[in-house]
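Visitor: Given next are the chains, with one letter for each unit.
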Amino acid sequence: MKRICFIVLCFALLFSSVSKAQTTDTKMKTFIDALMKKMTLEEKLGQLNLPGAGDIVTGQAQNSDIGKKIRDGQVGGLFNIKGIDKIRDVQKLAVEQTRLKIPLIFGMDVIHGYQTAFPIPLALSCTWNMEAIETSARIAATEASAEGICWTFSPMVDISRDPRWGRVAEGAGEDAYLGSQIAKAMVKGYQGNDLSKNNTIMACVKHYAMYGAAEAGRDYNTTDMSRLRMYNEYLPPYKAAVDAGAGSIMASFNEVDGIPATGNKFLLTDVLRRQWGFKGFVVTDYTGINEMEAHGIGNLAQVSALALKAGVQMDMVGEGFLTTLKQSLKEGKVTQKDIDNACRLILEAKYKLGLFEDPFRYCNASRIQNDVYTPDNVAKERAIAAESFVLLKNQSDLLPLKKTGTIALIGPLGDSKSNMPGTWSVSTDLQKAVTLRAGLEKAIGMSGKLVFAKGSNLVSDSLYEVRATMFGRSLNRDGRSEEELRNEALAIAKNADVIVAALGEASEMSGESSSRTDLDIPDVQKRLLAELLKTGKPVVLVLFAGRPMTLKWEQEHVPAILNVWFGGSESGNAIADVLFGDVNPSGKLTTTFPQNVGQVPIYYAHKNTGRPLPEGKWFEKFRSNYLDVSNDPLYPFGYGLSYTKFEYSELELSTKQLKGNQTLTASITVTNKESRKGKEVVQLYIRDLVGSVTRPVKELKGFQKFELAPGESRKVSFTITPEDLKFYDMNGKLDWESGDFQIMAGPDSKNVKTVTVNWNK
Amino acid sequence: MKKLLLSLATCSLLVSVLAQTNRIDRKVDSVLRLMTLEEKIGQLNQYNGDWEATGPITKAGDKQEQIIAGKVGSMLNVTGVEHTRVLQELAMRSRLRIPLLFGQDVIHGYRTIFPIPLAEAASWDLEAIERSARIAAIEASAQGIHWTFAPMVDVARDPRWGRVMEGAGEDTYLGTLIAVAQVKGFQGKGLGDTSSIMACAKHFAAYGAAVGGRDYNSVDMSLRQLHETYLPPFKATVDAGVATLMNSFNDINGIPASANKYILRDVLKGQWNFKGFVVSDWGSIGEMIKHGYVANNKEAAERSIIAGTDMDMESRSYIGHLANLVKQGRVKVAAIDDAVKRILRKKFELGLFDDPYRYSNKAREEREWNNEEHLNASLDIARKSIVLLKNEHGLLPLKKELGAIALIGPLVKSYKDHLGFWSYDWKDDSLRVPTLYDAVRSKLKAGAVINYAQGCSITGMSREGFAEAMEAARKSEMVVMYVGERRDQSGEAKSRSDIQLPGVQEELIKQIAELGKPMVVLIGAGRPLVFNWTSQHIPAIVYTWWLGTKGANAIADVIFGDFNPCGKLPMSFPRNAGQVPIYYNHYNTGRPASSDSDRNYVSAYIDLNNDPQYPFGYGLSYSKFEYGELKLSSRNLKANETLSIEIPVTNKSDRNGTEVIQLYIRDLVGSVVRPVKELKAFKRISFNAGETKTISFRLRTDDLKFYNNELKYDWEPGEFQVMVGGNSAEVRKENIIWGRGK
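Top line first, the protein sequences correspond to chains E and F.
Counting from 0, one number per residue, gives the positions in the first sequence under numbering that gives the first Met the number 0.
Counting from 0, one number per residue, gives the positions in the second sequence under numbering that gives the first Met the number 0.
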């Protein structure tokens, strides 16, 4: 009886929520139908237009060029305007001085935090902590929405296996499964469960699609791959974000199968709408439509029509839609229905955001005080940053350091505020960021002494340094010679107990348009590091990086390496927390670190090939290998050390013979063998030994992160169902195939315990 | 019955090709009808002949028994009239006396070694390339060989991949012409002529696109890319009548090539109507187990035979499992019959049913062993393959009147390296293959001093020899350094992640250069290498690849001016490994960089230029060629019209020379994005000193075709850029409109 009641109740709940959604949808449709009936063709095209804001001066929006356009109904939204007053001014123009009073949507590149800058996304992914990642997006949304923003061009969910590509900094690494989990967490964090709330913002999944596969790692370059690879390895995170309800999606710059993504009907309509059922709208990337002219597939009118037909709804900056679609409609190149459909999707987004109800919903000055850069937000940022750092090496437990004695902090990244937040931090106050120097000083207090020297410039080539420190991220290039700078550093290093070398990339050496062919620590810094090591003092390399770097020499010579990426507002404090052991590092890599650039692309989920190396050999004749380097990465996917040691038991499986929809339980016991508490990420991988298409040697299928007290053991269990075995086959069908599977679990993708099971349909 | 066949064969002289084909088909059918299933499967089986040094005894004696039992259709690595005869005699003891095929890796010459294929490609001389293959066929066939596993026609854009040395470089068009020339050369007047050997276009397909440039690695690409870039050389060889194709090791989009029904059955045997047979690569059928595509060798056999691989090289999948698979109904006899017929047809065409020993002629073997003409031909193409990369102030050619010259570097006194990978080591090589030292010595006047020092080894890190090298340089009027790779640093399973000059060689160059002597650096290698410092600081650089038996003579001829260099690079030379893949016919992208300094928000690197160190098609001469204005017959063409293009080219020097004039086009707007330029024609022209010639090309709409999004091969009307120049980076260009109408 109780059970029946429960079922009835469930049905009732389900019914009420369905019907509530239906009423909302019906109400929205009625509203938009009525509105669109009143709209002229020009007004409809205006909604598809997302121009650059230009320089709007507070209070002067009325007189700006953009102001005129808004009044003329030629603007659907604006992006990257910062400041509640400006946004309010502009919105007023739209809702007071246009014929139909349609509010604007305000977008911004809120990529990893707003005022409180969180670690760059690649770093965030290394936490493997979905709650923390969601929190970072939630705080970003809360802060951004307090200042008038209702739409962010995030998350970037592009899978990338090429560390030369600067935008690896913005994504979640190389793995489709982990990337999908993170995509979901980000969308949830931004959008919450109700877009119309004043502290949620609409997510924009980008860059759709395959942008991360740019040839030779050069930004905006061509991508080319099979459909099979697309579906199995690159598309899952976009789909996960769509499934999580992402309100918008951004077309990528690159071409796919010879057709730029912005004009690619297969991607934007066949896959996105028909196969995935996406209900939101598609925006181009910055001048994405116009750039199709350079791609060589038509003039502005042609590519604008192509984009609309393919499934783009909003045109960012280029005004191809605004200036050509009317004529194309006359010529029959596009239909009224195409335009209406695009306009409707944008109006729907505004409706869902509650902008028709209250266009100033996100302009609430009192919230700025209460919600932005609060001590709580900052504290959370610090904790998440510390969790994102990856301890790559810690010989003889050099780390954690004591807070006593003399610490020599040396390196061009040691005392730079502006380089701490990382690339794509457009809305944070760079000067609020905590440098490593400040963080260490604060942590040491009166118990020890910190001395600092820059030691070197970023790189010997001054023009390169300019390119790598744009947008106010100067490292104040020192005019002294390499030797002078180095000698100054060596002089203070001599009298120190330990050297902390703050080296690596400037924050603008990764990110958009920041591809590198050489992934080493830049020349002068590398030479500085070698000299520091010669002092005989213990050296801790604190590596700032927006991408996997090539650290073979460093791994061989430096006793301790902590990769800190770009940790956001509280970087210096967070690094100090980890260096001194107040936080035990627990980050794990989400991209493979190559031994050298010639190994690229290198990724853990590769195919076996027909001539794999025998176990335990780095070279054998007539095997798939190089003459001059092993096939192994320097640090594998999933790798990261802790100050404590975790011991793994053998892997236990509930059965080794399964049928159909049975469930397999895989368990492994992890024990903290030392006297310090610590967090571990246990990773589950599966290999499908024989497939109708060749399958990767391992694929991440689950992970669990938890803390263990000293001496504590935990039995971690994973439940595996046939869902976890599925892949897209040659015919594009998602299914699993009977056969043998290797089940693997361990602390990283390389060190795993393996048991084989047989699973039949 | 058999006798009837033979007598039939003897009276088939003056017949049309078609009739002959029909007749052979009938003969094949008649043989097939006599065969048991086991004998059929035997025809699909190829073994390696592992000869003991002492004589014709295979280690695995059972192979001999299997030949007698009719279980072997072909052997590889059995050479020499004597050896092949012994095994053929065993085949003649089999029930049906079906002759064996003898296959061999004759890649760039046999007794006479020719330049490695990548070097030959740099000659852009199709006639010389054909002659090289022809001579290889003459020499190999004289040794009882029926079949070479060449040409390799894999387009490759990744210099990390060791097998770039075996191919024609990065360009599909050039690669296609070279592939056809090689097939023509190997197959000569046609199978049946005893100096012809069957060619084998390999590796089908897209092997050159191995991920990370790591040999045997996975390949993944769109079908459009596959058809547009990687398949055309194969299709051209099929159209040119290539007898066989070889599977590649890689998987293509998840399915190993050896069982890839799409490329084998649908494209090759379907769309292209290929009548020859497909052989696996070594063990590639069995390797599908490692690929994770099949669970065992039996499944491997099943998938491969169904997909269209006809002959199994050393996997023993077919011989071990096909009979059983047929019995179980998993493989139809028709699939096996199709494969057997393809193989038998080639045996008939080769005339082996008439006379299984027709390639076993002792007198011919001896006659062709040392053929002066062959050596001359090898020298000829070797000289044409050399690429002059830099020659400031006319430092080259050197004067023969030099009093003292320093020859420095680990390759100066090597003879073996000249032979390159995939060549044969003959006992007398040390006597017949000159070193650079020998060749230079022969150019100099008596009494001239050569100060030689090795300086360092190729890959070693020792700098102990630097001092001696410095001393040699100091004592000399000028320095020639010869550095590069060891010959076995490129080739199969010879991928390198670091493609710089190996070891401390560039350091040695730097040291010697500090002396300020006039200096020439020769680089021998099987792939494009990175040597940026040398490029920037050394006045004269010559890329000499591996040039074969007469390689050192060719180099000496060039550096002393007895031959004016004319080679052009068939591959882009990157500035570092981080630029790979880099190739001239890339797409424009939506954000092309306008110059080297234009890097912000354009497709560029923050630490390096986009352009290569040396572009595709590049190579200097001792002459200086000046290109005049481009003249087009029309700027507005209709579908059926032909565009005539003329350009005056002048040799502005007092030295005769040869130039390769290259025509590129760009389709400015396509339904799919099109490359920034594509080679469509070239002419290799000799000029007298001071001579001007008007070079003309013709283009038709066929030259504008490409594979569109629906994989339809067609052209699209619109605007095109026509470009002509001496390399892919420096061209004269004009735009034209080509419309659909008549």
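If you're looking for bench data, these hints aren't it; they were derived computationally from the structure.
Treat the hints with care, since some could be wrong.
[To be verified] In silico DSBU-like links for lysine-lysine, alpha-carbon gap of 35 Å or less:
1. Lys525(E) - Lys509(F)
2. Lys297(F) - Lys616(E)
3. Lys732(E) - Lys679(F)
4. Lys336(E) - Lys679(F)
5. Lys616(E) - Lys711(F)
6. Lys679(F) - Lys700(E)
7. Lys704(F) - Lys655(E)
8. Lys760(E) - Lys260(F)
9. Lys620(E) - Lys62(F)
10. Lys329(E) - Lys711(F)
11. Lys679(F) - Lys329(E)
12. Lys264(E) - Lys651(F)
13. Lys525(E) - Lys516(F)
14. Lys326(F) - Lys308(E)
15. Lys620(E) - Lys260(F)
16. Lys533(E) - Lys415(F)
17. Lys415(F) - Lys325(E)
18. Lys516(F) - Lys332(E)
19. Lys289(F) - Lys725(E)
20. Lys752(E) - Lys289(F)
21. Lys332(E) - Lys637(F)
22. Lys264(E) - Lys62(F)
23. Lys289(F) - Lys704(E)
24. Lys704(F) - Lys264(E)
25. Lys289(F) - Lys238(E)
26. Lys509(F) - Lys308(E)
27. Lys516(F) - Lys655(E)
28. Lys415(F) - Lys616(E)
29. Lys297(F) - Lys732(E)
30. Lys658(E) - Lys331(F)
31. Lys725(E) - Lys704(F)
32. Lys332(E) - Lys711(F)
33. Lys732(F) - Lys616(E)
34. Lys297(F) - Lys749(E)
35. Lys732(F) - Lys332(E)
36. Lys297(F) - Lys725(E)
37. Lys289(F) - Lys329(E)
All of these numbers come straight from a predicted model, not from anything done at the bench.
Visitor: Please go over all the hints and tell whether each is borne out by the structure.
Guide: For each hint, the structure was consulted:
1. Lys525(E) - Lys509(F): holds (22 Å)
2. Lys297(F) - Lys616(E): Given that 35 Å is the threshold and the Cα spacing comes to 28 Å, the pair holds.
3. Lys732(E) - Lys679(F): Violated - the C-alpha atoms of lysine 679(F) and lysine 732(E) are around 40 Å apart, more than 35 Å.
4. Lys336(E) - Lys679(F): violated (44 Å)
5. Lys616(E) - Lys711(F): violated (46 Å)
6. Lys679(F) - Lys700(E): The given pair, whose Cα atoms are some 49 Å apart, is violated under the 35 Å limit.
7. Lys704(F) - Lys655(E): violated (56 Å)
8. Lys760(E) - Lys260(F): holds (26 Å)
9. Lys620(E) - Lys62(F): With Cα atoms ~25 Å apart, lysine 620(E) and lysine 62(F) stay inside 35 Å; holds.
10. Lys329(E) - Lys711(F): Status holds; Cα separation ~31 Å.
11. Lys679(F) - Lys329(E): violated (40 Å)
12. Lys264(E) - Lys651(F): violated (54 Å)
13. Lys525(E) - Lys516(F): holds (33 Å)
14. Lys326(F) - Lys308(E): Between lysine 326(F) and lysine 308(E) the Cα gap is close to 55 Å, so the pair fails against 35 Å, i.e. violated.
15. Lys620(E) - Lys260(F): The given pair, whose Cα atoms are some 29 Å apart, holds under the 35 Å limit.
16. Lys533(E) - Lys415(F): Between lysine 533(E) and lysine 415(F) the Cα gap is close to 44 Å, so the pair fails against 35 Å, i.e. violated.
17. Lys415(F) - Lys325(E): violated (71 Å)
18. Lys516(F) - Lys332(E): Cα-Cα ~69 Å, so violated.
19. Lys289(F) - Lys725(E): Holds, because 21 Å separates the two Cα atoms, which is no more than 35 Å.
20. Lys752(E) - Lys289(F): holds (21 Å)
21. Lys332(E) - Lys637(F): holds (25 Å)
22. Lys264(E) - Lys62(F): Measuring from Cα to Cα gives roughly 58 Å; hence the hint is violated.
23. Lys289(F) - Lys704(E): holds (34 Å)
24. Lys704(F) - Lys264(E): Status holds; Cα separation ~23 Å.
25. Lys289(F) - Lys238(E): OK: lysine 289(F) and lysine 238(E) at ~31 Å, within 35 Å.
26. Lys509(F) - Lys308(E): Distance of about 59 Å is beyond 35 Å: violated.
27. Lys516(F) - Lys655(E): Violated: lysine 516(F) and lysine 655(E) sit about 74 Å apart, past 35 Å.
28. Lys415(F) - Lys616(E): holds (29 Å)
29. Lys297(F) - Lys732(E): holds (26 Å)
30. Lys658(E) - Lys331(F): holds (31 Å)
31. Lys725(E) - Lys704(F): Between lysine 725(E) and lysine 704(F) the Cα gap is close to 40 Å, so the pair fails against 35 Å, i.e. violated.
32. Lys332(E) - Lys711(F): holds (23 Å)
33. Lys732(F) - Lys616(E): Violated, at roughly 53 Å.
34. Lys297(F) - Lys749(E): Status holds; Cα separation ~32 Å.
35. Lys732(F) - Lys332(E): Judged against 35 Å, a Cα distance of about 33 Å means the pair holds.
36. Lys297(F) - Lys725(E): holds (25 Å)
37. Lys289(F) - Lys329(E): violated (59 Å)
In the structure shown, a violation is registered for the earlier hints numbered 3, 4, 5, 6, 7, 11, 12, 14, 16, 17, 18, 22, 26, 27, 31, 33 and 37, in ascending order.
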